[in-house]
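Engineer: What follows is the residue order along each chain.
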Amino acid sequence: MTTEAADSTEAVGTIAPAADPGFLQRHGATIEYILIPGAALAGALAVFGIFVAMFGKNPLDLYFYMYYGAFGTWFSWQNTLTRAAPLVLTALCTALPAQLGMVIIGGEGALLIGALSATSAALALQGLPPLVVQIAMVIAGVTGGGLWIMLSGALRQYRGVNETISSLLLVYIALAILNHLVEGMMRDPASLNKPSTREIGAANMIGSIPGTDVHWGLVFGLVAAIAAYILIYHTVFGFAARVAGGNIRAAKIVGLGVSKLILTICFLAGGAAGLAGMVEVAAVQGRTNANLAAGYGFTGILVAFLARQNPLAIIPVAILLGGISASGGLLQRRLGLPDASVLVLQGIIFVFVLASDALYGRIGFLKGKS
Amino acid sequence: MADGSIGLWTVPLAVLGGAIRVSTPFLFVSLGECITERSGRINLGLEGTLVMGAMSAYGISYLSGSPWLGVLAAGITGALLGALHAGICSLPRVNDVAVGIALMLFGTGLAFYLGKPLIEPTAPRLPAIDFGWWSDVPQVRAALRVNVLFLIGVALAPILYWAFRTTRWGLLIRTAGESSDAARAMGHSVLLIRLRATMVGGFLAGIGGSFLSLFYPGSWNEGLSSGQGITAVALVIFARWDPLLCLWASLAFGGAAALGPALQSVGVTSGYHLFNAAPYILTLAIMIITCSPKRTLTGAPAELSITR
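Heads up: the sequence lines are chains Y and A, in that order. Numbers given in our numbering equal positions in the first sequence, counted from 1, plus 477. Numbers given in our numbering equal positions in the second sequence, counted from 1, plus 32.
Read the hints as simulated data drawn from the structure, not as lab findings. Do not rely on the hints blindly, as some may be mistaken.
Calculated lysine to aspartate or glutamate pairs in the DMTMM-like style (CA-CA distance at most 25 Å, straight line) [what the hints assert, rightly or not]:
(1) Y:671 with A:152
(2) A:326 with A:274
(3) Y:534 with A:254
(4) A:148 with Y:834
(5) A:148 with Y:816
(6) Y:671 with Y:816
With these hints in hand, go ahead and build the complete structure from the sequences.
Structural biologist: Shown next, in the form of structure tokens:
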């Protein structure tokens, strides 16, 4: 992973200016968007290396196993991509509202509600053709998650309630609802130790992309991210959203319906996270239980910030972060690191990425000569 | 809890006991956050600080044998995390809300990492003062076993209220929160004031965490705090940045949080998880009632990004 980060910075730093002297001036901003997060990532990995060295582990082993566990083999690539799928979707839950200047961190809650809704739809429609059930699951998951985050947006717009705090509170409420239903009304009597709902049925699972073990959720994620990119950067709606995010007064003066923008964007954001919940049910778990609260929603926040809230950049970043979490198991087995080491690394990366915001526009050789 | 003599009275008693016991972390975090927010910055990372405080208090108490050293260690850990938050926020164009989210994830992750070996051993816990000696009813005695930290927190609220109004430091913090230009014009460094305010806020939040691991529930595990930190941050907003209101709100929250276990103890188990979510639902409900899109909240520090 370090090698990758180093490679990309070198490629940008050394080859580019030699090829074309005007290149830096024209693409300075784009280079910054790659160079600075890359440097932040490298810095975070270095600090994490020092951290594990304090516990007597060899940092070079650490980097090797991280690379090996994330991208070293076809098996680890598949593991990485499987984990990246929900991350793309939960990252959209933070990145879409960010276009409006809103900080939504409740993707985990929307994921859980989406999973519950999708499972309910599948259980209600047992016996129908799988395609019908799957489409119903997608609709239910997107609607459930979408309404959940739309609630945060509506509270912000109509009651002035801070959306960051309300969306996080809604995570805990969603988890309580999930536990309540899974241990009560929706419990499968056969699930003794781990209270769960009944299974949605093998025929209704969405399965793997042919030739791989990676489930179709990855494609859902890619399509959603590309659609979000087109929506934000190539439609009038997205333009209006960015205007409102840049200057809410200007948006009101030119007559944009800010309420409608906020509610729609929040619905789409929550819908993406809800779809992640549906995917986790229909491709991995096969049922709803507390396993679904695996933290994809929280890692998604980091993915969105690292991608600078750009829906397209979310795809590679999600793969990178998916890789880090995929390597967690190997780090545990080979180096004896606790499973929380992935969380520590994610935290360090997050801190570095935010601190690196201070660097934009300050790198000497990118400023150009004026 | 088979004592039939008091029957359903168990529930209000347990809620009262909960108001005293469960409220303490809410109280410390909200008072700490109150100081930080009055200086014009919001630290959402106190959830992580709370968990780190709980872990370090438990670890130090286990290693040294003294729970009070653990409390101190929790405070210092919290202050360090506060310094980290303030340090990153001092950089230009860095958003304090985002840094808070990052530190929330970092703090919990680090606590889980370092706390792995602490799940098994038992550390010495903080002593309690028995205010229920006059009663024969065990539930009453249980409800009135009060920890010293709770009393410190209760005393701290009026002290802070007074300090914000009359002391030099209180005025400086409020100046930095209301108008950083005014503070700068007076020759004070706003960043330094906010650094100190965030460190003190982190110190208190860390102590709040030590209460979790050293008194109630009184052990270290990864599910120790689930959102108490963030609830306490929200609590400051509807307590209108007033330390005395923070105290009342914390007590109400403690009571609400004790409702689930209390009902379970009298045999009402069906809505257990929903009752456990009571503090979050309560927070959301109160925020919906008290906030308004048309005006900023009275008492809100003008420099606070979250209310602008």
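Engineer: For each hint, tell me whether it holds in the structure or not.
Structural biologist: So, going through the hints one by one against the coordinates:
1. Y:671 with A:152: Distance ~23 Å between residue 671 (chain Y) and residue 152 (chain A) Cα, so the pair holds.
2. A:326 with A:274: This hinted pair holds, its Cα atoms lying about 22 Å apart.
3. Y:534 with A:254: holds (24 Å)
4. A:148 with Y:834: Between residue 148 (chain A) and residue 834 (chain Y) the Cα gap is close to 33 Å, so the pair fails against 25 Å, i.e. violated.
5. A:148 with Y:816: Judged against 25 Å, a Cα distance of about 9 Å means the pair holds.
6. Y:671 with Y:816: Holds, at roughly 21 Å.
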